Amino acid sequence: MQNEKHHIVPYSTYIIILAALVLFTFLSIEVTGIELGGLTVAAALIFASLKSYLVLTYFMHLKFDKPYIRIMVGFVILVFLAVIIITFIDYFFR
Amino acid sequence: MQASSQIPHDVSYLDYKGKYKGLLAWILSTDHKRIALLYMFSIMTMFFVGVCLGLAMKLELIAPGKTIMGAQDYNAVFTVHGVIMIFMIVIPGLPAVFGNFLLPLMIGAKDVAFPKLNLFSWYLYIAGAILVISSVLFGDGSPDTGWTFYAPYSFRTGTNMLPAIFGAFVLGFSSILTGLNFIVTIHRLRAPGMTWTKMPLFPWTLYGTAWIQLLATPVVGITLVLVSLERIFGIGVFDPALGGDPILYQHLFWIYSHPAVYIMILPAMGAISEVIPTFSQKHVFGYKAIVASTLAIAFVGYFVWGHHMFTSGMSGTAQYTFSILTFLVAIPSAIKVFNWISTMYKGSIALETPFFWAMSFIFVFMIGGLSGLVLGALATDVYVHDTAFVVAHFHFIVFGGVGFSFFAAIHYWFPKMFGRMYDKTWANVGWIVFFIGFLALYTPMFYLGMQGMPRRYYDYLEQFHSANILSTLGSWVMTFGLAIIVINLFRSAKSGAIAPENPWNGKTLEWTVPSPPPVENFDDIPVYGEKDGPYEY
Amino acid sequence: MSQAIHHDEHYDAEGSKIGMWLFIFTELLLFGGLFVIYSVYRFMNQDAFHLAAEELNTTVGSINTIILLVSSMTIAMSTSALQKGQKGTTIVLLEITLMLGLIFLVNKYFEWGVKFEHGIFPGSQHMLDTLSQGEILFFGLYFVMTGLHALHIIAGMALIGVTLAKVSKGTVHPERSALLENAGLYWHLVDLIWIFLFPLFYLIH
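Going line by line, the protein sequences match chains A, B and C. This note's numbering puts the first sequence at residues 1 to 94. This note's numbering puts the second sequence at residues 1 to 537. This note's numbering puts the third sequence at residues 1 to 205.
One should not assume that every hint holds.
[To be verified] Subject to a maximum C-alpha distance of 27 Å in a straight line, what follows is the list of computed DSSO-like cross-link-like pairs (lysine-lysine):
(1) C:Lys-166 - B:Lys-116
(2) B:Lys-116 - C:Lys-169
(3) A:Lys-63 - C:Lys-169
(4) B:Lys-110 - C:Lys-17
(5) B:Lys-346 - B:Lys-19
The hints are simulated quantities; they were obtained by calculation from the structure and are not laboratory data. These figures come from a predicted structure and were not determined experimentally.
Construct the complete structure from the given sequences, taking the supplied hints into account.
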């Protein structure tokens with residue numbers, strides 16, 4: 001079992017990612033401040049998804065890991081979304 | 001296959017003397033084989049309790065009216081019977097006992113990936129078991145909600161629910177950690193050359209099971225936490241008086257508890273998939289189809305939970321959806337049955353005890369599975385929902401499926417585990433008595449359910465009397481058969497004939513090491529070549 | 001347990017990493033159950049959730065979001081620092097992460113405290129008398145979800161604390177950095193959950 005060589009991520013990458021995350025945070029605060037009706041929820045969730053994508057890819061090193069970990073993460077997210085959708089088949093049509 | 005360069009003459013894992021002596025040498029051991037036996041003995045202890053409770057229920061039902069207990073006691077007995085049997089026996093049964101013992105052996109590893117975590121899982125199991133038992137022994141009355149803990153009754157009843165709920169939570173955590181360990185073991189510790197498509201089928205089913213354990217168990221975990229919080233603080237999440245929706249509780253509960261059925265049955269199918277090729281001396285038919293159906297069952301099985309709730313007031317659209325998805329699961333299950341039968345075709349069949357168990361497994365599994373279609377169809381389910389029919393169905397699947405497979409597995413791997421052979425005549429006698437008792441016990445319940453006898457009642461109308469007498473008699477015959485099996489195995493473990501390395505001429509890796517296996521399994525890690533495979537006869 | 005010696009020799013960084021990821025999946029589904037409940041009740045009580053969310057202080061929520069994001073960056077940097085062999089920097093970065101986690105908890109403590117003073121806590125008579133059912137559900141979920149999240153912060157801080165001790169002792173070093181990486185992964189999970197909790201409770205109103 002050899003230990004795989006690590007990819008050392010430079011500090012500057014992390015700083016750029018943090019800046020993007022903070023920017024998205026403020027944008028989501030601004031956007032949800034505007035009255036958009038049902039779109040507010042969508043906008044907030046889109047920004048949250050963007051942020052979690054950045055955290056997963058860079059902070060959690062998915063970009064530098066072997067692809068099967070990425071596949072697993074994607075699979076788990078899909079399972080969770082399917083659970084929500086199937087649950088809503090009940091509540092939405094009740 | 002290149003066999004290990006030398007057969008280790010090391011001490012076996014049973015005789016090994018480490019730093020600790022006596023009991024400590026077991027409960028502090030991180031050896032996967034010792035942990036497997038720890039699980040086996042603790043599961044057997046709990047099984048004894050569960051069987052006694054089951055016998056008590058059957059005795060109560062031998063005649064209408066109060067026989068040995070009243071309504072409240074009956075409620076407590078079926079609740080504790082359910083919690084013990086589901087959370088402590090059938091869910092950990094095959095993965096924790098045979099998975100732990102055999103997974104590293106079958107994939108050519110020295111142990112699981114995280115041996116200490118493995119031992120920790122067993123401690124969690126014991127802690128959970130003690131918590132559940134304590135809910136019976138202390139406090140104001142035993143839990144009486146049924147093993148499903150349905151809201152709002154589970155936070156309204158005055159009985160001692162909290163330890164039982166917390167115990168189920170801890171048992172779930174134990175199950176998650178076992179699953180996690182197995183996935184990492186399978187990903188990282190397969191012998192060199194053993195590609196995914198050369199892995200034996202039992203590890204494959206453990207892999208599918210482990211994913212369900214990992215992704216479904218936390219959902220019930222948080223649900224049980226919420227029920228506890230509801231009891232303590234009244235947060236309102238499932239309380240209709242505060243705006244909560246009790247049906248949402250049922251959704252969340254079954255999001256775990258339906259996949260849990262597949263946690264139970266998948267490894268059972270895996271064990272059968274090992275037994276049948278060995279006793280047919282033939283390559284398993286449709287290896288890839290069996291693997292694919294394992295994964296398909298694991299995946300689709302995650303999305304069918306709503307078929308437990310057809311009469312709860314779900315939307316019609318949801319009912320159709322769940323019904324269709326439920327029928328989909330029948331396809332991969334049937335594929336497995338066809339493959340097992342095709343494996344036997346033109347095989348050189350050896351009529352040994354494990355093979356008898358495997359045959360009876362297919363028989364009861366088919367009855368259980370087909371009666372499941374009756375329950376999965378909307379029109380018929382409304383008719384038999386919450387009747388004895390449902391009880392018969394899931395005992396055929398859960399006890400018939402998992403129990404029969406467990407006995408097939410123990411009779412198959414017993415010589416490997418203990419290094420001794422059991423008395424085959426008594427094993428066969430035990431099997432036939434058990435099988436007859438099983439059918440006499442549960443088949444009348446199908447009839448009773450169709451006639452409209454509800455489940456979970458200590459009393460019934462006079463018209464149901466004769467079938468109930470047969471069922472109770474069956475429970476005694478089955479327990480008698482069980483006693484024969486257990487006594488035979490115990491005696492043989494002590495004083496049976498010494499078993500050879502490979503008594504059944506199996507081709508998977510666990511048969512290449514001595515019986516019982518040495519502490520570190522393999523002196524040299526085996527290597528799979530181009531042409532090697534688990535079922536090359 | 002002579003096997004134990006054997007297993008200690010066996011070090012598989014990739015295996016530990018998968019193990020941590022699998023544990024993270026479990027945690028995601030644990031919170032996932034709560035998110036299912038949240039979305040169902042939000043769907044059933046849209047106006048009440050709207051109203052109740054205005055009770056929460058967006059400023060405190062935003063500050064806590066930024067704190068967690070920064071702490072995520074510092075622990076990610078600590079891995080790079082260790083790999084570069086800068087032990088001192090690693091330790092400082094981990095200490096900063098711990099401090100930020102603590103500040104988050106202090107903020108949370110005061111935020112909850114204010115709610116309690118206003119009579120908003122699970123099972124309070126004030127809530128039953130003055131709030132609608134949807135609002136009671138909102139606050140019930142608010143306390144459960146942020147409370148469970150806070151427990152995870154505490155667990156994460158404990159893990160980071162252990163890692164910090166091992167880095168200073170030298171048992172976690174560039175060739176054996178799995179513990180640090182796993183502590184990082186766990187901390188990012190805590191951040192990830194907050195990324196969704198924040199808009200769902202503080203922003204959508």
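Could you work out which of the previously given hints the structure breaks and list their numbers from low to high? 3 and 5
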